[in-house]
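Participant: Turn these sequences into a full structure, and let the hints steer you where they fit.
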Amino acid sequence: MIVAERKPLAEILKMVQGCKRILVLACKGCVTVCSAGGEREAEILASLVRLGLQKEGTNAEVNTASLVRQCDKEYIDSLDQYKGQYDAILSTACGVGVNFIANLRPTEHVYPALNTTFFGGSAEQGIWKEMCAGCGHCVLHFTGGLCPVARCAKSLMNGPCGGSVNGRCEINAETDCVWQMIYDRMGRLERQQELTASAPIRDWSTAGHGGPRKRVREDLTV
Amino acid sequence: MNFTPDIRLFTCHYASQQSCAEGGTVLRGLNFPANITLTRLVCTGRLEETDLLKAFEDGADGVYVVGCPTDSCHNVKGSQRAAKRVASVQKALAELDVEPERLRMYHLERGLHPEFIAAGEEMDALIRRLGPSPFCRKAA
Ligand code: SF4
Ligand code: SF4
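In order, the protein sequence lines correspond to chains V and B. 1 is the number of the first residue of the first sequence in our numbering; add one for each residue after it. 1 is the number of the first residue of the second sequence in our numbering; add one for each residue after it.
Some hints could be false.
[Unchecked claim] Keeping only pairs whose Cα atoms sit at most 30 Å apart, straight-line, the calculated DSSO-like set for lysine-lysine is:
no., chain 1, residue 1, chain 2, residue 2
1, V, LYS20, B, LYS77
2, V, LYS28, V, LYS154
3, V, LYS7, V, LYS20
4, V, LYS154, V, LYS129
5, V, LYS28, V, LYS83
6, V, LYS83, V, LYS55
7, B, LYS77, V, LYS55
8, B, LYS91, V, LYS14
9, B, LYS77, V, LYS28
10, B, LYS91, V, LYS20
11, V, LYS14, B, LYS54
12, V, LYS73, V, LYS83
13, V, LYS55, B, LYS54
14, V, LYS129, B, LYS84
15, V, LYS83, B, LYS54
16, V, LYS7, V, LYS129
17, B, LYS77, B, LYS54
18, V, LYS28, B, LYS91
19, V, LYS55, B, LYS91
20, B, LYS77, V, LYS14
21, V, LYS73, V, LYS14
22, V, LYS28, B, LYS84
23, V, LYS7, V, LYS28
24, V, LYS14, B, LYS84
25, B, LYS54, V, LYS28
26, V, LYS20, V, LYS73
27, V, LYS129, V, LYS83
28, V, LYS83, V, LYS20
29, V, LYS214, B, LYS91
30, B, LYS91, V, LYS129
31, B, LYS91, B, LYS54
32, V, LYS7, B, LYS91
33, V, LYS14, V, LYS55
34, B, LYS84, V, LYS7
[What the hints assert, rightly or not] Just so you have them, the derived chain B footprint on chain V, three or more residues with Cβ under 8 Å:
no., region
35, 3-10
36, 42-51
Treat the hints as calculated values from the structure; they're not laboratory data. Think of the CB as a built atom: it goes at the ideal place given N, C-alpha and C, for glycine as much as any other residue.
Facilitator: In structure tokens:
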């Protein structure tokens, strides 16, 4: 899922300064699962925005609504029901959701309530970890299913940098060295020999270094 | 300034069991501050962050939660969950530049103990010292 976290309140309050009617718009997708921007978090944020504005001596009508997803046109279209009712939409979706609203509602103000951080999963309750960087050229079949692009601080492709200590990354001692993990796991799978092959030079254009990416499925377009 | 704070208390069924006896007259008889409004919950674990924030929106100057001791909560982890939510709202209050101690969590044995009264008195004294809520909606 896409993992995100609420922006500092001061930053959010500055965005909506001067707005008299604000719609805090939750998303029931990833940000609900990572407890950053679902209905519950939107209610909390709406309350905090009201309090923050009250403290500054201003008042605004701050309401909440939620969409199944903010990354599909059909759901964004349902915002028609609020037409003219709000000065600003404060979206608690990931950056994709905010972009979708900006694309599809050319004259409406939309602001991001979250910082979108990474693709990851919940390692344990309340803790999320990055697992994939969406590089567009997956190598997990070479690495025992553990990602060196997202999980190695240097995105190394041919083994560890040599700086790890006791299995921990030299960049951040709280993080496991993924290359140590790959080596150990490939050993358990009796596939360690495969690691002696050199990984080819990568084409990073698929990783976004070639500009925004787009995927077309001819069989699905109408 | 003559300031009587509006204080809201959320407490679980167990921690407050005898506190509500005889319509609260027992509490008043023990000098429990009259400016504290008590809301009884089945379990403090049921408390949402929005309940705490709503209390401030409704004009509370201070809010506190009384749940079971962390190691002997009737519902095992209810009061621990409440403490986490209190901590989260305290952080948000700090972000808004408001004294986080306007909101507090207490873990007390069940029943009506001197500590239950003392917590109320402590909260009352604290909020009197801090003064009125900076979320000044009350005038409206
Ligand atoms: S190799 Fe690329 S696509 Fe595969 S998990 Fe890592 S970042 Fe994601
Ligand atoms: S210590 Fe391991 S994870 Fe960290 S940068 Fe080096 S190879 Fe990558």
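Participant: If any of the earlier hints don't hold here, list their numbers in rising order.
Facilitator: 1, 2, 7, 20, 27, 29
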